[in-house]
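J.: Residue numbers (our numbering), protein chains in the order written: chain V, 12 to 605; chain B, 64 to 220.
It is possible that some hints are incorrect.
[What the hints assert, rightly or not] Cross-link-like lysine to aspartate or glutamate pairs, in silico, DMTMM-like; alpha carbons within 25 Å at most: (1) B:147 - V:262; (2) V:583 - B:122; (3) B:147 - V:252; (4) B:151 - B:135; (5) V:151 - B:122; (6) V:309 - V:214; (7) V:477 - B:160; (8) V:417 - V:262; (9) V:266 - B:122; (10) V:566 - V:528; (11) V:417 - V:211; (12) B:151 - V:252; (13) V:259 - B:155; (14) B:147 - V:211; (15) V:462 - V:475; (16) V:504 - B:160.
[What the hints assert, rightly or not] Stretch-level coverage of chain B by chain V, calculated; a stretch enters the list once three of its residues show a Cβ under 8 Å from a Cβ in chain V: (17) 82 to 95; (18) 121 to 135; (19) 173 to 181.
[As the list claims (entries may be wrong)] Cβ-to-Cβ under 7 Å is the rule here; a few derived chain V residues that face chain B: (20) 67; (21) 68; (22) 84; (23) 85; (24) 88; (25) 181; (26) 251; (27) 473; (28) 477; (29) 478; (30) 583; (31) 589; (32) 590.
Keep in mind the hints are simulated off the structure, nothing from the lab.
What you are looking at is a predicted structure, and each value in this text was computed from that prediction instead of being measured.
Heads up, the beta-carbon is just placed ideally off N, CA and C, and yes, glycines get one too.
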Amino acid sequence: MNKSGVSRLIVIGSLLSAASLLIVFQMVRIQGSTRHQELSRWADEQYSYAIENYYPERGNIYDRWGRLLAGNEDVYEVGLMLQYVTNPSTIAQTMDGVNDLIYKDILENASKAYDPKKSIYAVLTDFLPSGVVDVLSEIKQQYEIENPYGRDSKKPSLRGVVWYPHLKRSYPENSLASNIIGFYSFRDRQDGIGYYGVEEYYDDLLAGSPMETFMPRNPYMLEGLPEVPAGASLVLTIDREIQAMVEKKLDDAVKENEADYGVVIIMDPRNGEILAMASQPRINLNQYWETEDQFKDKTPYNRAISETYEPGSVFKVLTMSAAMDAGAVDEKTIFNDPGRFEYGGGIVYNWDRRGHGKQDMQGCMQKSLNVCLAWVATELGKDKFYEYMQAYGIGRMTNVDLGGEKIWPFSVPGDSDWYPIQLVTNSFGQGVAVTPIQLATSVSAVANGGKMMKPHVLKAIIQDGKQYNTSPQVLGVPIKPETAHALSEMLVKSLANETSLALVPGYTISGKTGTAEIPVEGKYGTDQTNASFVGWGPADNPQFLVYVWIARPKKSPWGSVVAAPLFRDIVKELVVYLDIPPETAQNNLVAKEG
Amino acid sequence: MTNKFKQAYQQAPWRRQLRSFGISVLPVIAIGLVIALYLVVSAQSAAAGLQIMGMHYDEEEILRQIAIHRTELGWMTSYNEMQKRARKIGYDIPPAEAVHFMTIPGYQGQGAVLIAPPPGADAQGAPLVNEFYQQSLWDWFVDTFLVDSTAASGGVK
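So that you can see chain V by itself, here it is in the shape it has in the complex:
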């Protein structure tokens, strides 16, 4: 190679090296500049990740056998991408009447000018069922074939009409168990919350955790997928079939007795599971916004847990159990009933204003003698009486797992609003206010050998693909097992002796009627009453407790006439649902097996 060739190569090499160095220098300069940092941050924000607001599917609610009570269904939001709208009048004509849309309003929306800063998208309607959207889609496609891209503004076109699916809460049973389930305000798509019942109490669990997820657009950055757990599903202790049966029977009884309303609770005293809870009024949960029309004048959503009232004679079960447990009286204690009882500056009378002579405690319960129970309470003494009542949870929340539980404070000696006469009035359920769930829970202790279980509706939680069953909880043991058995037996006999309308052929039932007078302008009378009945069975091995309350019946004021037959009608079917054979059949089955 000659000298000129070498120098040419050196020159070219130097130029290339200089160019390379310049490139490197420029790269370093760009990397170090503040503008680069700004641009890099902007690019990261714009293109590295897609931010998705994820609202997890709200958990389902099932009855105890896995039948769906609340789920989710797809609906559509329909809107307009204003940039692409070519024929507003076609859109207005097509959508007129859909979801109560009005032609004029649609036309006004569709005619809005597109403005990339202010006006890009307009919502036409929401919660459109998928069937309607399918029809809309077909029409749009047809117009698109006839008039591609909506180029001819004289021809019909639905260009610009778009729809987005989303889930909506759905209640397949409509009004069934609505007082227990509550509702989710699904019309507030961003801020929906659970109201009342299970939907309120377990709102956090059902809703899951809405979150903002960062989905990398750059596939290299995809190291793991964002995990957004769905809301937990709940299995309730409610039995749909029993609930439906109870609601129907309650509605019929209220109608037949021309009453204002009623409540029925069925629970398993052994574990506190609520099998059914019926209250009035009820609403179709798919139209929850009608709640205000249905529940006027502060009407509680679920009277079984939110309405306090004077329970009347069913409360005598608690008074008698306390006295027997403390040893103040026993089954054979005799009381000579004069028909009136003076105590604490007041006089109490029997429901019939008559004296009934010598009565043992069973007679007192059977004839529901106020005077006798007032005497029993004084024999027990005020301190012991209120001690027992507090052990039964009177005046305190049961903490049943339903939203909206209420209580009425229970006055005890020492309180400014307590007077000595309240000891005797309280003994037969006047001057004390309870909710049906409170009373049913307290009485369930007698049915369950003295052990009071916490009432609850949650049987299991399904979370992250696993089912977690709940365990029953003991609220307390207010009385001894032997007291509970003795009182249960006493109530079996008293029901049988009075040939009560609550008796169910083939089954031994313990129970007590209640008729509480409702004060009108401060005076008690039998014009307006709360008729009730609490019973459980089979008496030797209680598997159910049924509490019935009928408010202000007009046909008859008495619990024995109004509430007891409803109890019987319910139990006759309940034993079939619970697979409890009559005693004769049980004996036959045992004999056959033997």
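Based on these hints, arrange chain B on the given structure of chain V.
T.: Chain B alone, transformed into the frame defined by chain V:
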């Protein structure tokens, strides 16, 4: 004479140029090969990433469809619907008095509902993204040529 001798043993200039060119181009070819390999692996990785993203959206859609179908089933088997269907095919609720109880050997009654398996019913789930798609070229090289060869030669010395 000396010049003649040298000339006899010198390579032809075009051969020397070719050798120089070959030596200088060799690193470029090597770098090119590495880049090509990197591009292939990266492309596969990107394709897999995109596939995962697509499957993620598919999964969401499938879960949504399951929820919808479950609710549809709930509506079809709701209490009122089942009552209607039962009546339509001639069934009715019998009065309680008409119910007869009998012993069915081995029948334990209706068991508690189990919508999902209880906790501890299965092993830990596998990671969503296969480790294969998260390897760098270096990881792959170490795993394939270094770790495996050590293992083949008997592991720890």
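J.: Each hint needs a verdict: does it hold in this structure or not?
T.: Evaluation of the provided hints:
Pair hint residue 147 of chain B plus residue 262 of chain V holds up; C-alpha atoms about 20 Å apart against a cutoff of 25 Å. Between residue 583 of chain V and residue 122 of chain B the alpha-carbon distance is near 49 Å, which puts this suggested pair outside the 25 Å criterion. For the suggested pair residue 147 of chain B and residue 252 of chain V, the alpha carbons sit about 14 Å apart, so the restraint of at most 25 Å is met. Among the hinted pairs, residue 151 of chain B with residue 135 of chain B is consistent with the structure: their alpha-carbon atoms are about 21 Å apart, no more than 25 Å.
At roughly 28 Å between alpha-carbon atoms, residue 151 of chain V and residue 122 of chain B are farther apart than 25 Å, so this suggested pair is violated. Straight-line distance between C-alpha atoms of residue 309 of chain V and residue 214 of chain V comes to about 23 Å, which keeps the hinted pair within the 25 Å bound. This hinted pair does not check out: residue 477 of chain V and residue 160 of chain B have alpha carbons roughly 42 Å apart, beyond 25 Å. At roughly 24 Å between alpha-carbon atoms, residue 417 of chain V and residue 262 of chain V fall within 25 Å of each other, so this suggested pair holds.
A hinted pair counts as satisfied when its Cα atoms are at most 25 Å apart, and residue 266 of chain V with residue 122 of chain B does not qualify at roughly 51 Å. Between the alpha carbons of residue 566 of chain V and residue 528 of chain V the distance comes to roughly 15 Å, so the proposed pair stays at or under 25 Å and holds. Under the criterion of a C-alpha separation no larger than 25 Å, the hint pairing residue 417 of chain V with residue 211 of chain V is consistent with the structure, at around 15 Å. Simply put, residue 151 of chain B and residue 252 of chain V have alpha-carbon atoms about 19 Å apart, close enough for the 25 Å limit, and the pair holds.
For a cut-off of 25 Å, the pair hint linking residue 259 of chain V to residue 155 of chain B stands: about 16 Å separates their Cα positions. Of the pairs offered as hints, the one joining residue 147 of chain B and residue 211 of chain V is violated, with about 32 Å between alpha carbons and a cut-off of 25 Å exceeded. Restraint check for residue 462 of chain V and residue 475 of chain V: the C-alpha separation of about 35 Å exceeds 25 Å, so the hint is violated. Distance check on the hinted pair: residue 504 of chain V and residue 160 of chain B sit about 23 Å apart at the alpha-carbon level, within 25 Å; holds.
Here's how the region 82 to 95 of chain B fares: 0 of its residues keep a CB closer than 8 Å to some CB of chain V, so the rule of at least three is not met and the hint is violated. Residues of the region 121 to 135 of chain B lying with their CB closer than 8 Å to a CB of chain V number 7, which satisfies the three-residue condition for coverage. Counting residues of the region 173 to 181 of chain B whose CB falls under 8 Å from any CB of chain V gives 8; the rule of at least 3 is met. Taking 7 Å as the C-beta contact cut-off toward chain B, the hint placing residue 67 of chain V at the interface is violated, the least distance being around 10 Å.
Given hint, residue 68 of chain V at the interface with chain B, holds; its Cβ is 5 Å from that chain's nearest Cβ, closer than 7 Å. Annotation: residue 84 of chain V was flagged as interfacial toward chain B, and the flag holds, the nearest CB pair being 5 Å apart, inside 7 Å. For residue 85 of chain V, the interface hint holds, since its Cβ comes within 7 Å of a Cβ in chain B; the closest pair sits about 5 Å apart. For the restraint placing residue 88 of chain V at the interface with chain B, the shortest Cβ-Cβ distance is roughly 15 Å, beyond the 7 Å limit, so the hint is violated.
A cut of 7 Å between beta carbons decides the hint on residue 181 of chain V: the least distance to chain B is about 5 Å, and the hint holds. Taken as an interface hint, residue 251 of chain V checks out: its beta carbon lies about 6 Å from the nearest beta carbon of chain B, inside 7 Å. Restraint check, residue 473 of chain V versus chain B: the minimum CB separation of about 5 Å is within 7 Å; hint holds. At its closest, the beta carbon of residue 477 of chain V sits 5 Å from a beta carbon of chain B; the interface hint therefore holds under the 7 Å criterion.
The beta carbon of residue 478 of chain V comes within 4 Å of a beta carbon in chain B, closer than 7 Å, and the hint placing it at the interface holds. A distance limit of 7 Å between C-beta atoms decides the matter here; for residue 583 of chain V the minimum to chain B is near 4 Å, and the interface restraint holds. The closest approach between the C-beta of residue 589 of chain V and any C-beta of chain B is roughly 10 Å, which is over the 7 Å cut-off, so the hint fails. Restraint check, residue 590 of chain V versus chain B: the minimum CB separation of about 6 Å is within 7 Å; hint holds.
Hints 2, 5, 7, 9, 14, 15, 17, 20, 24 and 31, counting from the list given before, are not met by this structure.
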